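Modelling step: build the complete structure from the supplied sequences, incorporating the hints.
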Amino acid sequence: MADLKPIYVFKRFERFWHWSQAALIMFMALTGFEVHGTYMLFGFEQASSLHTTAAWALIGLWLFAIFWHLTTGEWKQYIPTTENMMGVMRYYSIGIFTGAPHPFKPTQLNKHNPMQRVAYLLFKVVMAPMIWISGLLYLYYNAWADWGLGELDLSVIALIHTAAAFMLLIFLVGHVYLTTTGHTLFSQIKAMITGWDEVEEDPQ
Amino acid sequence: MAYKILPTLYSFALLIALSVISGTAVAAGSTADHSTFEGLKRSFESGPDVTRACLECHTEAARQIHKTTHWTWEYENPKTGQLLGKKNVVNNFCLSTSSNIAACSTCHIGYGWKDDTFDFTSEQNVDCLVCHDTTGTYTKDPKNKAPDLTKVALNVGPTSRATCGECHFKGGGGEAVKHGDLDPSLDNPDIFVDVHMDKDGLDFVCSTCHSTDQHAVAGSRYTPKASDNHGIDVPGKSDGARTTCQSCHGDVPHVKNAKLNDHTDKLACQTCHIPEYSRGDYASKEWWDWSTAGQLKADNTPLSKVDANNHEIYNSKKGDFRWENNVIPEYVWFNGTVRYTLLGDKIDPTNVVPINSFEGSADDPEARIWPVKVMRGKQPYDRANMTLAVPHTVGKDGFWQTFEWKPSLARGMAAAGAKFSGEYDFVETTMMWPITHMVAPREQALGCDSCHARNGRMEAVAGVYIPGRDSLPLLDTLGFGLLGLTFAGTLFHGVMRFIFRNRG
Ligand code: HEM
Numbered sequence: 001m002a003d004l005k006p007i008y009v010f011k012r013f014e015r016f017w018h019w020s021q022a023a024l025i026m027f028m029a030l031t032g033f034e035v036h037g038t039y040m041l042f043g044f045e046q047a048s049s050l051h052t053t054a055a056w057a058l059i060g061l062w063l064f065a066i067f068w069h070l071t072t073g074e075w076k077q078y079i080p081t082t083e084n085m086m087g088v089m090r091y092y093s094i095g096i097f098t099g100a101p102h103p104f105k106p107t108q109l110n111k112h113n114p115m116q117r118v119a120y121l122l123f124k125v126v127m128a129p130m131i132w133i134s135g136l137l138y139l140y141y142n143a144w145a146d147w148g149l150g151e152l153d154l155s156v157i158a159l160i161h162t163a164a165a166f167m168l169l170i171f172l173v174g175h176v177y178l179t180t181t182g183h184t185l186f187s188q189i190k191a192m193i194t195g196w197d198e199v200e201e202d203p204q
Numbered sequence: 001m002a003y004k005i006l007p008t009l010y011s012f013a014l015l016i017a018l019s020v021i022s023g024t025a026v027a028a029g030s031t032a033d034h035s036t037f038e039g040l041k042r043s044f045e046s047g048p049d050v051t052r053a054c055l056e057c058h059t060e061a062a063r064q065i066h067k068t069t070h071w072t073w074e075y076e077n078p079k080t081g082q083l084l085g086k087k088n089v090v091n092n093f094c095l096s097t098s099s100n101i102a103a104c105s106t107c108h109i110g111y112g113w114k115d116d117t118f119d120f121t122s123e124q125n126v127d128c129l130v131c132h133d134t135t136g137t138y139t140k141d142p143k144n145k146a147p148d149l150t151k152v153a154l155n156v157g158p159t160s161r162a163t164c165g166e167c168h169f170k171g172g173g174g175e176a177v178k179h180g181d182l183d184p185s186l187d188n189p190d191i192f193v194d195v196h197m198d199k200d201g202l203d204f205v206c207s208t209c210h211s212t213d214q215h216a217v218a219g220s221r222y223t224p225k226a227s228d229n230h231g232i233d234v235p236g237k238s239d240g241a242r243t244t245c246q247s248c249h250g251d252v253p254h255v256k257n258a259k260l261n262d263h264t265d266k267l268a269c270q271t272c273h274i275p276e277y278s279r280g281d282y283a284s285k286e287w288w289d290w291s292t293a294g295q296l297k298a299d300n301t302p303l304s305k306v307d308a309n310n311h312e313i314y315n316s317k318k319g320d321f322r323w324e325n326n327v328i329p330e331y332v333w334f335n336g337t338v339r340y341t342l343l344g345d346k347i348d349p350t351n352v353v354p355i356n357s358f359e360g361s362a363d364d365p366e367a368r369i370w371p372v373k374v375m376r377g378k379q380p381y382d383r384a385n386m387t388l389a390v391p392h393t394v395g396k397d398g399f400w401q402t403f404e405w406k407p408s409l410a411r412g413m414a415a416a417g418a419k420f421s422g423e424y425d426f427v428e429t430t431m432m433w434p435i436t437h438m439v440a441p442r443e444q445a446l447g448c449d450s451c452h453a454r455n456g457r458m459e460a461v462a463g464v465y466i467p468g469r470d471s472l473p474l475l476d477t478l479g480f481g482l483l484g485l486t487f488a489g490t491l492f493h494g495v496m497r498f499i500f501r502n503r504g
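Residue numbers (our numbering), protein chains in the order written: chain Y, 1 to 204; chain E, 1 to 504.
The set of hints was computed from the structure by calculation and includes no laboratory data.
Note that the coordinates shown come from a computational prediction; the quantities given were computed from them, not determined experimentally.
We put the CB at the ideal spot given by N, CA and C, even for glycine.
Honestly, I wouldn't trust all of these hints.
[Unchecked claim] Using C-beta positions, here's what the derived DEER-type ranges look like:
hint : chain 1 : residue 1 : chain 2 : residue 2 : range
1    : Y       : Lys124    : E       : Ile499    : 31 to 37 Å
2    : E       : Arg501    : Y       : Asn84     : 22 to 28 Å
3    : Y       : Glu151    : E       : Gly494    : 43 to 49 Å
4    : Y       : Leu70     : E       : His249    : 29 to 35 Å
5    : E       : Lys406    : Y       : Glu151    : 57 to 63 Å
[Unchecked claim] Coverage of chain Y stretches by chain E, computed from C-beta distances (three or more under 8 Å per stretch; other residues unrestricted):
hint : segment
6    : 42–50
7    : 96–106
8    : 149–158
9    : 165–171
Listed below in structure tokens is the structure:
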């Protein structure tokens, strides 16, 4: 096996943003599905009020993150590419069982493999906006008429919001599982905590 | 116990001492002490005799009264065109006033309404005392001890919970029978029964909210205000009536938890703030089945049965009853329009017949979700004409003496000017009463979970998405299904990785 070389991939703000977002989303799923009537935990009033507080925290966090991505140019990490896409897909469906090497090597300028790029882009431009736009509308339900949105129906907004919540949860499960596919079960998690990942030294 | 009784004794002593010093209890804020009026210091032959004395100074009072529903017992609903009022409607308690008016009119604010010949233009027949007595001794019921009219006249004052309650707490033929939110607990309520009327607190009387103008009392059950978007009523900008919660509290009343204000476009305040009705010492009648009336004892005399709580559950004159305390209301959309099933209207006896129905729906901006008492029972109807039928009940030839339905119904219908075929049966009916009194302290207002839950209080309320109650089952199945599949997929992938871990 090739030697492993440490590289610094996840900067301090990025790690803070990632973990706060993870915690908030899990907490919001917990409170959100109580509001949805799936189970009783905090009681509706608490669940709804915690969910709303967390929503503002998450929106605030996203505003910072967007600013960070734009100013640092990190947004380019999410430009989708087809290059090597088949290779990565083949790796996760076959190579991973046969012990083939991972076809993608992260660098600081290119941290995400093509599958990650598409998945995270989907998260950022579909799921996240879907949940916060529907969530804000849900929150300001009484102002719709003043905003000229009187025709909207709460059941539709709730449906979109809940659908987005399901998508986030499904994303979460896949995402957490894939973190275990690094060099060791927890190496990826460790990288996101410390910022340092390990890549294989080019054998040349 | 002594420590509890002593303060009460002291306050009694104090009250007596005070009234001795001041002579009489003049209403606070009043500019007139009627006990000093020479014109009242005489003996009165009759009620109308007192009224004549009142009218010497209050020259317009009787003519003002003549214009009110309290006097006419008649009201034409401008929205539906229906001619309503106590004189005209049928209910599912004592059924109808028409032929029984001599008995029913003990609660009329006049003297001598026995039949159609009553003179509604007579000024001296207005009963001032029934509303303005402060002694608590005034009564028109011949069964009671005749009141000392001079004493009553010398002590007149503003209306009180007791004077209004004299009739309104006894609607339906007895204490607490009818409304559910109006009963004698309100004579001297504590804060738990009514935050506003709390005798040790705000001590409101009925007219604090049912503000009057020229003897016309605001607030009507024939055309209630189901919603009020005008905020706090400012003199000069509104009609001055204070019968809605919003008149004083505005339409964004919640300060600490502003999210609650988001509900005011859909809910009546009463829905959360009156979590139950009959919250005082009295149970209210929930069921009245006239069809079982008339069973007699072996010696042919009427019988009465009471339950363990001393509530009458059977009476030969009236049938079977059910009573309940602390009742969870039912909830309906209501825009203020009430449509009645009047005598002569066709009914469908194969279904439960609504004696009145509240109009409104989720799409109606005037409608709010209201708590209601739904009175249920069985009452007679005409099987050939398919109309409700009202009996003559009081008097020698009434049902309560004869226990015979057919002749009583024939007399009742004739007096009401309605056709009666002679064939009758009993039909189940419902009647709705909006719940609006007996507002609970804020701590007892409903919490979110009461409605934002599956099988909560709003279960039967249609047309509105209620988070926690509603969901699209298909989306849930799809969502949780895909989530499960993803989970299973990762599990499978992980197991395979484990099995093939030594390859390569
Ligand atoms: C910016 C983000 C968000 C905002 C502004 C927001 C806002 C809201 C609001 C206002 C409600 C209704 C609560 C109530 O009725 O009291 C709600 C419900 C809900 N939220 Fe969120 N939310 C956000 C993010 C999330 C996230 C991240 C999740 C889950 C991963 C989530 C899951 C849910 C669910 C399942 C419901 C219940 C929907 C229903 O049954 O009607 N929300 N959200």
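Okay, the hints, checked on the actual structure:
1. Against the hinted window of 31 to 37 Å, the Cβ-Cβ separation of Lys124 (chain Y) and Ile499 (chain E) comes to about 35 Å, which satisfies the hint.
2. For Arg501 (chain E) and Asn84 (chain Y), the Cβ-Cβ distance of about 25 Å falls inside the hinted range of 22 to 28 Å, so the restraint holds.
3. Roughly 47 Å separates the CB atoms of Glu151 (chain Y) and Gly494 (chain E), a value that falls within the hinted 43 to 49 Å.
4. Distance hint check for Leu70 (chain Y) and His249 (chain E): the Cβ-Cβ separation is about 48 Å, which falls outside the suggested range of 29 to 35 Å.
5. Here the CB-CB span from Lys406 (chain E) to Glu151 (chain Y) is close to 59 Å, well matched to the stated 57 to 63 Å.
6. Coverage of the segment 42–50 of chain Y by chain E holds in this model, with 5 residues showing a Cβ closer than 8 Å to a Cβ of that chain against a need of three.
7. Taking a C-beta to C-beta cut-off of 8 Å, the segment 96–106 of chain Y contributes 5 residues in contact with chain E, enough for the three needed, and the coverage statement holds.
8. A count of 4 residues in the segment 149–158 of chain Y with a Cβ less than 8 Å from any Cβ of chain E is obtained; the coverage claim is therefore met, three being the minimum.
9. Only residues whose C-beta sits within less than 8 Å of a C-beta in chain E count toward coverage, and the segment 165–171 of chain Y has 4 of them, enough to reach three; the restraint holds.
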